[in-house]
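*Asks:* Spelled out from the first residue to the last, the chains are:
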Amino acid sequence: MFHLIIILCGLIMLYPLLWMLSSSFKPDVEIFQSASFIPKKFTINNYIYGWKGVSGVSFGKFFLNSLFIASISIIANIISCSMAAYAFAKLDFKFKNLFFSIMMITLMLPFHVRLIPQYIVFNKIGWVNTYLPLTVPKFFAVEGFFIFMLVQFMRTISNELLEAPRIDGCGTFSIYINFIMPLSMPALVTVAIFTFIWTWNDFFSQMIYISAPKKFTVSLALRMFVDATGTSSWGALFAMSCLSLLPLLLIFIFFQRYLIEGIMTGSIKG
Amino acid sequence: MKGYRFNRPWEGYAFLAPWITGFLCFTVIPMILSLYFSFTYYDIMTPPKWIGLKNYVDIFRDPRFYKSLRVTATYVVLGVPFQLTFALILAVVLKKDIPGVRVYRAIYYLPSLFGGSVAVAILWRQLFNKEGAINKILALIGIEGMNWIATPSTALYTLILLAIWQFGSPMVIFLGGLKQISQDYYEAAEIDGCGKIKTFFYITLPLLTPMVFFNVVMTIINAFQAFTPSYIISGGTGAPVDSTLFYTLYLYIKGFRHFSMGYASALAWILLVIIAGITATMFLIGKYWVYYDE
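Protein chains in written order, with the working numbering: chain R, 1 to 270; chain C, 1 to 294.
If you're looking for bench data, these hints aren't it; they were derived computationally from the structure.
Here the structure is a predicted model, which is why all the values come from computation and not from measurement.
Every clue listed holds true.
Reference excerpt, derived from the structure (chain R facing chain C, CB under 10 Å, subset only): (1) Ile6; (2) Gly10; (3) Cys81; (4) Ala84; (5) Lys94; (6) Tyr119; (7) Ile120; (8) Asn123; (9) Lys138; (10) Thr172; (11) Trp200; (12) Phe225; (13) Val226.
Below, a list of computed lysine-lysine pairs in the BS3-like style, where the Cα atoms sit at most 25 Å apart: (14) C:Lys136 / R:Lys41; (15) C:Lys179 / C:Lys95; (16) C:Lys196 / C:Lys179; (17) C:Lys196 / C:Lys96; (18) C:Lys198 / C:Lys96; (19) C:Lys179 / C:Lys96; (20) C:Lys130 / R:Lys41; (21) R:Lys124 / C:Lys49; (22) C:Lys198 / C:Lys95; (23) R:Lys61 / R:Lys215; (24) R:Lys124 / R:Lys214; (25) R:Lys40 / C:Lys136; (26) R:Lys40 / C:Lys130.
Glycine included, every Cβ here is placed at the ideal spot set by N, Cα and C.
Construct all of the structure, not just a fragment, from the sequences and the given hints.
*Replies:* This is the structure we're talking about:
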């Protein structure tokens with residue numbers, strides 16, 4: 001009985017997603033005829049038609065663009081945030097606690113206060129309509145949440161473990177590379193996963209900075225698709241929407257543990 | 001915070017250098033500029049012109065500003081409590097180690113993972129259309145649906161429903177909190193003959209208040225900054241008749257469609273003050289009800 005209720009509620013929750021998935025295999029005329037799941041006439045034309053994309057650019061290109069931005073962001077976040085976290089968690093210097101408090105406060109700032117001047121500056125130096133505004137800041141540890149998460153993790157690495165190589169003559173940098181980074185691997189994987197999800201789902205900043213269809217990401221392409229085709233090809237739109245969610249689903253299936261732990265470190269140990 | 005204290009003093013700053021640079025270039029300087037722009041007329045083409053408090057005066061006379069504030073407030077006030085209540089109930093239910101519980105947790109978490117995407121916003125727009133699947137289901141029980149998205153009195157509620165649907169990530173945080181509560185409390189409660197409901201209100205809930213607090217603060221801050229669904233569902237305009245004009249959407253329209261960068265900067269600062277005010281108030285009130293088990 002208990003399981004039945006849980007499954008029933010779960011199905012209601014998933015209904016919209018399942019409906020989208022099944023609609024992506026229906027011919028357009030059928031989509032609006034019924035709320036039923038099973039396509040009367042199964043077709044993959046929506047995927048073929050949708051993959052052709054918009055403005056002569058295929059969805060393959062949009063996926064590559066999104067992947068490119070996500071990959072750069074992942075590398076940038078891992079390097080810059082782990083460096084800051086190492087300093088906060090394991091090094092000793094003046095004003096450390098002050099800097100840490102400032103970092104925590106920036107976590108709560110709405111990004112809109114920085115948005116307009118950033119746009120104006122990037123516009124002045126000719127970075128608009130390139131991927132630079134979406135990637136370069138990440139090399140400067142702008143995602144405070146990740147620093148915080150990594151600090152929480154690195155604090156659990158014992159000091160004795162780091163003092164042994166120190167006595168053997170290892171420098172601070174060498175300890176970072178040879179001990180901190182490998183030991184922090186689970187936390188770094190979490191940073192990578194979250195960076196991927198956030199970049200993949202991002203819409204606002206991508207929309208502001210990117211205007212050439214050739215440079216569009218998946219988010220921008222989907223929106224363009226709505227505008228360009230109106231309501232005439234919902235099937236293709238749903239097909240591409242389903243494809244756009246697929247990478248997130250795969251990440252979830254393979255890295256569920258890291259994802260869940262990442263969300264929890266954000267709150268609990270604080 | 002204790003490091004292992006073997007490093008030379010400058011090494012700490014060397015590792016912090018990217019963050020410090022980023023903090024100056026992407027937070028401090030933009031914020032100073034933003035504050036300056038908020039006192040100017042600036043359309044990007046011509047240099048900013050100092051106009052003092054005019055933007056702020058205009059904003060407080062602008063009916064669309066009040067409208068966007070009301071829309072956002074409604075979204076927060078109705079969305080957040082429902083979202084967190086569902087999150088808490090499901091966390092308590094899915095806490096136990098019953099067979100299949102991991103799959104159930106995954107199912108309830110999935111909408112949170114997809115929720116911020118353009119794809120789901122498009123899906124939502126379609127579900128609540130006149131010809132959408134929701135109306136098809138309502139027709140089965142004999143109710144004639146309407147175009148929920150295009151009707152001013154209902155459009156915002158579809159967005160609130162979309163927010164509530166994503167209760168998975170606060171649920172995960174509650175789950176983590178529940179797992180930390182020592183089993184001893186529950187054993188003691190059982191010996192004292194406490195019922196399930198009593199146990200929940202006298203043991204679980206008080207011990208969970210730090211997580212409740214964290215979720216309330218974060219969900220409200222995030223809800224104030226919601227953008228993608230309102231943009232996609234309203235076609236970027238806040239239609240119908242501004243009923244889905246979120247605060248951030250209005251800021252976007254002012255800054256990036258009308259190129260009123262000064263006005264938009266002032267809007268951003270008002271948002272900052274609102275969020276800071278709410279956060280500070282919650283921390284003050286939090287002292288009285290958040291229980292830390294030291």
